[in-house]
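A.B. asks: Now for the letters of each chain:
There are 2 protein chains.
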Amino acid sequence: MNLLLLEDSDCISADQAILSGRRLKHMQDVHRAEAGDSLRVGRINGLMGNAQILHMDAQQAHIRFELDQAPPAKLPLTLLLALPRPKMLRRVLQSISSMGVARVVLLNSYRVEKSFWQTPFLQPEAIREQLILGLEQARDTVLPEISIEKRFKPFVEDHLGQMVGDSLGLIAHPGDYPSCPRAVERPVTLAIGPEGGWIPYEVEKLQQAGLDPVQLGDRILRVETAVTALLARLF
Amino acid sequence: MNLLLLEDSDCISADQAILSGRRLKHMQDVHRAEAGDSLRVGRINGLMGNAQILHMDAQQAHIRFELDQAPPAKLPLTLLLALPRPKMLRRVLQSISSMGVARVVLLNSYRVEKSFWQTPFLQPEAIREQLILGLEQARDTVLPEISIEKRFKPFVEDHLGQMVGDSLGLIAHPGDYPSCPRAVERPVTLAIGPEGGWIPYEVEKLQQAGLDPVQLGDRILRVETAVTALLARLF
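Order-wise, the sequence lines are chains A and B.
The first sequence runs 177 to 411 under this note's numbering.
The second sequence runs 177 to 411 under this note's numbering.
Bound conformation, chain A alone (with noise of 0.2 Å):
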């Protein structure tokens, strides 16, 4: 955790917040803060600063905190992605939080298990609680917005071609493509396929989107390898 991060419900005036639970437990075991100390926090969605611990014993941390300093900017990327298997999903979750991806659609594909969609970590709270992990360690307040859509024909036919609007549409696909493009300076909707990769049918449906293959080379990586190496090379 590098940056602790408030919600609006620990405040209790616009200087002062109340903490317990895991991040009591976390300032306490890891940083082995006490009073008077200084850390980092931000608001979520809002600003970052510092905060003063006023007073802490075993139940709670009082602070008082400042915030003057804007989040870092977000990646101009909405992020296709077809549902990885539940403990991949945790991880890529706080990976692209920590990225600072703007936009994730989880996404249904031929090659998802079904039974991938009934994962307890597919409710908001748990997809929040990945979320805030990943802001906490990379130092960002802003929530990623993620959306659910569970039928891949009807989003891609007609919700994504308006989505994907005048950015650079990309689908990830391993085959004889051009390579992924680097250090794009303009928005990015990107697709990305899972274990398996997308089927034929898909691609063509996310071509007629306005989306075109690229591929990063012979390697098949694991889908949060790979999630994190196209963002790296893009931006």
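Hints were generated in silico from the structure; no laboratory data involved.
Where a beta carbon is used, it is the ideal one built from N, C-alpha and C, also for glycine.
Possibly wrong hints are sitting among the right ones.
As the list claims (entries may be wrong) - Sample of chain A residues at the chain B side, in silico, Cβ under 7 Å:
| id | residue |
| --- | --- |
| 1 | Q245 |
| 2 | P248 |
| 3 | P252 |
| 4 | A278 |
| 5 | R279 |
| 6 | R315 |
| 7 | D394 |
| 8 | L397 |
| 9 | T401 |
To be verified - Which residues of chain A face chain B? A partial, calculated answer using Cβ under 7 Å:
| id | residue |
| --- | --- |
| 10 | R199 |
| 11 | P330 |
| 12 | R395 |
| 13 | R398 |
Said to hold, decoys possible - Below, computed lysine-lysine pairings styled on DSS-like, alpha-carbon distance capped at 27 Å:
| id | chain 1 | residue 1 | chain 2 | residue 2 |
| --- | --- | --- | --- | --- |
| 14 | B | K290 | A | K201 |
| 15 | A | K250 | A | K290 |
| 16 | B | K250 | B | K290 |
| 17 | B | K290 | B | K201 |
| 18 | A | K250 | A | K326 |
| 19 | A | K329 | A | K381 |
| 20 | A | K263 | B | K381 |
| 21 | A | K263 | B | K329 |
| 22 | B | K263 | A | K201 |
| 23 | B | K201 | A | K290 |
| 24 | A | K263 | A | K329 |
| 25 | A | K263 | A | K290 |
| 26 | B | K326 | B | K381 |
| 27 | A | K290 | A | K201 |
| 28 | A | K263 | A | K250 |
Chain A is fixed; fit chain B onto it per the hints.
C.D. replies: Same frame as chain A, but now just chain B:
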């Protein structure tokens, strides 16, 4: 597993092998393979190609293979990595291996907890297991060279300069430094610190050995995310 890797000890002749254990289980449970099916195989540190299943039962599979394809090229990279915590070490070894890193030095640093050096995951067989999982994922056969340096100062003072040679020497380090370069077309020696980063003394020592600090932006990434992001950007 996108490539089934054969050990010398699996091979009963120049073109036949017997498999059991984890790989047999994977063939049966994940690939649902049967006698007569063909699958992609490679010989560790050798060529890749196809195999046919001659016979398979609950105990073993008997395959005949033909290897005629070179593995993908390695990245011309020597990675100096401050020893990550054990759970992350395993994942980092897998992703390093899947991305094609040629050589890795696991190095001590002031911020590496002493207990990390006691983990059983540093045993040669445990390291090899993770590297093989990465190769199987990426369809590669060539194991990265891993070395372990428990003493920072003598390694950096006495050996690192020669290791760097005329490669591009870089230290991933947050701060007011140039951005990490993109798409370099020459060998690189890259040092990546522990959670919390290298201490100033270590940065100075690495600089004396010919490495220059570069940064990846304001966001603080987990070590495994930073490793992937840096490799994707450099190559």
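A.B. asks: Does each hint hold? Answer for all of them.
C.D. replies: How the hints compare with the structure:
no.	hint	verdict
1	Q245	11 Å, violated
2	P248	4 Å, holds
3	P252	14 Å, violated
4	A278	14 Å, violated
5	R279	17 Å, violated
6	R315	6 Å, holds
7	D394	4 Å, holds
8	L397	6 Å, holds
9	T401	5 Å, holds
10	R199	17 Å, violated
11	P330	31 Å, violated
12	R395	4 Å, holds
13	R398	6 Å, holds
14	K290(B) with K201(A)	23 Å, holds
15	K250(A) with K290(A)	32 Å, violated
16	K250(B) with K290(B)	32 Å, violated
17	K290(B) with K201(B)	37 Å, violated
18	K250(A) with K326(A)	26 Å, holds
19	K329(A) with K381(A)	8 Å, holds
20	K263(A) with K381(B)	40 Å, violated
21	K263(A) with K329(B)	39 Å, violated
22	K263(B) with K201(A)	21 Å, holds
23	K201(B) with K290(A)	23 Å, holds
24	K263(A) with K329(A)	26 Å, holds
25	K263(A) with K290(A)	15 Å, holds
26	K326(B) with K381(B)	16 Å, holds
27	K290(A) with K201(A)	37 Å, violated
28	K263(A) with K250(A)	25 Å, holds
The structure fails to meet hints 1, 3, 4, 5, 10, 11, 15, 16, 17, 20, 21 and 27 from the earlier list, while all remaining hints are met.
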